[in-house]
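Asker: Listed below, chain by chain, are the residues.
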Amino acid sequence: MSSVWARVEPLLARVQKPARYIGCEDGAIAPGQEIFGPEGPVAWLLAYPDTYEIGLPNQGLQILYEILNERPDAVAERTYAPWQDMNAQMRSHSVPLFSVESHRPAAEFDLIAFNLSSELVFTNLLEMLDLAGVPIHTERRAPTDPLVIVGGHAAFNPEPIADFIDAAVLGEGEEVIAEITDLVRGWKRAGRTSREGFLRELAKIPGVYVPSMYMVHFEGERLVAVEPRFSDVPATVDKRTVADLGQWPYPKRPLAPLTEVVHDRLSVEVFRGCTRGCRFCQAGMITRPVRERPAEQVRVMISEGLRRTGYNEVSLTSLSTADFSEIEPVVRGILADSEARPGSSGTTTINLPSLRVDAFTVGLAAEVNNGRRSGLTFAPEAGSWRLRQVINKLITEEDLYGAAESAFSQGWTRLKLYFLTGLPTETDDDTLGIAELARNVAAIGHSHTGRASVNVSVGGFVPKPHTPFQWFGQNTENELHRKISLLRNATHKVRGVNLKWHDPAASMAEGIISRGDRRIGKVIERVWREGGIFQEWGEFFRLGRWTDAMVAEGLSVDWYVHRHRQADEILPWEHLTAGLHKDFLWDDWQAALHEHGVEDCRWTPCYDCGVCTGFGIEHIVASNTPPAGGSQGTGQDLSRGGLIPVSVAPVLTGGRS
Amino acid sequence: MILRLRSTKLGKIRFVGHRDLGRVWERALRRCGAPVAFTSGFTPRPRISFGLALPMGAESLAEYVDVEMDPAFGELPDPAVILPQLCEFMPDGVDVTGYCIVDRSATSLQEVVTSCTWELWGPEIAADEVARACELIAADTVSVERERKGATRIDDVRPLIIDLQPSSDGLRLIAELATTGRALRPAELAGVAFPGCDRRDVRVLRTHQWVHGDHTETGVSEDSRSPREHSTSYGDSRREVISLPVAVPASTLVVGA
Ligand code: SF4
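Listed in order, the protein sequences are those of chains X and D. Under the working numbering, think of the first position of the first sequence as 1, with each following residue one higher. Under the working numbering, think of the first position of the second sequence as 1, with each following residue one higher.
For reference, chain X alone in the conformation it holds in the complex:
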């Protein structure tokens, strides 16, 4: 094992935030003195292509880190994208990308596995490979070079990075990493001979997509076919899904960093998947069905996690935490445990991200916030009921006003509202509805306190693969700017309303990659060669680099980003599935255009989207009644009721698998 620490150490006196590069976190697993030769364990380097502060809290990475390190025949270490200053130091002193635990060069690992949470980090992936001394192109890699694997939400359309990766893992990694480790171990023992032969074997593992095993045919601009190069390579790759979250109580040893990170608290995942069916939401679509963690396990993970890390704040994570069947008992349990712990004086703070928009949720937030009223966030997403039916975010104005009333009356003074603009069928009236909602919420606030403020955050909608909106032509940058100025005019004189918006230029670059095909790889490479890294960071982002690269490659932004797709078009990710039938997605797209919302299949009959039937899995929810207090998703007015049982399909799982 060859540590480069002695060469890294002098550089750390020359960079900002050197603690990013030292490891030593509580929960970090320092590798033993294993021999990293052919007989040694399979060495994984888990890489996050953004800064340490953003990457360290990533739960997916922490879970895999622990599961791999529990295996006697594997080790896993971590690495993050070095910030510009460190990057420059490393390049000028020929220090390669290294792991933070043993400071071993990245190229000495058997695999480098990147967690991709968004498209704009793709250039950082190239930067990190290059910094590691690993050829960025798959075809140039020797058998001794590490395997480059990607996973995470943005890996569901890996076509734009097909030339750079050896494989993409679709879906959840807990189980598949064991299969990959086994295969790599065998290959290592046999001396890592032919890379292509190994990749062909790798392509047979369910959930693993090996781009180099597929031929992609274009006719002019059109994609006409994607076909496996060999008959034993599967024609389509399905995502992996863990059937029972209760079997994976990870992380058991959460990482507690030595320097401040974005989510500096304990996180416990209470469920995975979401079937609210918001049509713009890729995370919801690709993680179906809903699998709740048993409440008792949640409690143990929280109390153990707090004890182990010393944190006094916990986040209960999921795509919509208030939907967790046992949210109330769990929350009460944490508060009771917290009272009983010596020395902490009952100060455990509970964080509920992704709140639902209703009074019940606000009541819950009030209970857990320990008197703190730092700010509450709601995401109505669209400005009118009509448009919310199009996107299937079924909350009524009354839900929002009820939530606002409840929040302001319980002491909050600052609310944050998230919206998207550039949604399918959006008219100016819909856009202006955002201003209207904000104005009314602020007025509710002012009836309680003169200090009430409403921060409205507007993002430009980028259609994503594997969603019903994958056929929709994204709004142009100009159109998004126009809509934002409509909103600026409509809100700038309104007391207590502050408008913030996401840069439409960044949405456009995201749009280029998000539904891109393999030809976009050259664009990404060009942007990277021009120095375009850290593209999620405003100070480094320049749209010009992306549009210039598109021109240089003879590709049309309009064709990739702004064009509506046709029903019969072969999409670049046609051979990859998140389990959703294409005709389900198409029907849902048509329903959207007809302003027709659909209910949550957790509590109503199945629409046969494909995931449960196709994978032989089912929802795991502890309660077969929808939560109290809001109309959201149930299509009923529950905003002032208690628990209202759903009359149809009391047992959700019958006849599905």
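Honestly, the hints are just simulated from the structure, not real lab data. All C-beta atoms in this analysis are idealised placements derived from N, C-alpha and C, irrespective of residue type, glycine included. Check the hints yourself; a few may be wrong.
[Claimed, not checked] To give an idea of the interface, some chain D residues facing chain X are shown, with a C-beta separation under 7 Å as derived from the structure:
# : residue
1 : V16
2 : V24
3 : P91
4 : R200
For this one, chain X is given, so just place chain D with the ligand on it according to the hints.
Answerer: Positioned in the frame of chain X, the structure of chain D with the ligand alone reads:
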């Protein structure tokens, strides 16, 4: 009551900033179940206060922290139990090496300390350079360019240099620098002591924090291990924040050399 602790900060952990390490202390104390007192208000903070900040990148054998305990939150901990736990919960390189109990009315660490002893060395610093650096003590004035409120000015820092000596192997400069007024930072000293050397390559280790005068509340530790024996030529009223009746072999604590 206040538990005053002395600890080390050695190795990789030297790159963790003062405030960040403060958060790590908070978590470690919480893990011990120590009945730490809290400030009042909606966001209660534990009453933990740190002594003079250590510059980023410097190591130390003598860091101090005051932890206020509140009997209302539970029994006051037995230091013999809690200190080993704290060592375990703090990252590698942070070891608690001494403690004493002081009263709530005690002078704060920031105010009580009047000087610190530092060791400075570097890969490119040879014994003759250390010897030459020690000659600065004979100078009438030592000029250092410093920034103050955005403007650069030349300060005479000679009054802040209390002592300069070579280490026994001659390779380290041992400097006692005053912390009163506008303290002289070790990096600033390095700039004048080793003019040919990039000051970012000069390694810095704080070995002692000293108290002059008679602050009786500093107390005597019952479980202290000496950071490192330090031979000085003058035995005035100066003593360490936590006095050191017991000495341990320096080898158990020396790093970095
Ligand atoms: S298969 Fe049916 S129950 Fe399962 S997620 Fe899809 S619509 Fe819901």
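Asker: Now tell me if each hint is right for this structure.
Answerer: Each hint, compared with the structure:
Hint status for D:V16: holds, given a least beta-carbon distance of 5 Å to chain X, under 7 Å. Interface restraint check for D:V24: the shortest CB-CB distance to chain X comes to about 6 Å, inside 7 Å, so the restraint holds. Using the Cβ-Cβ criterion of 7 Å, the hint placing D:P91 at the interface with chain X is satisfied: the shortest such distance is roughly 5 Å. Of the supplied interface hints, the one on D:R200 holds, with its beta-carbon coming within about 4 Å of a beta-carbon of chain X, less than 7 Å.
Checked against the numbered hints listed earlier, the structure breaks none of them; every hint is satisfied.
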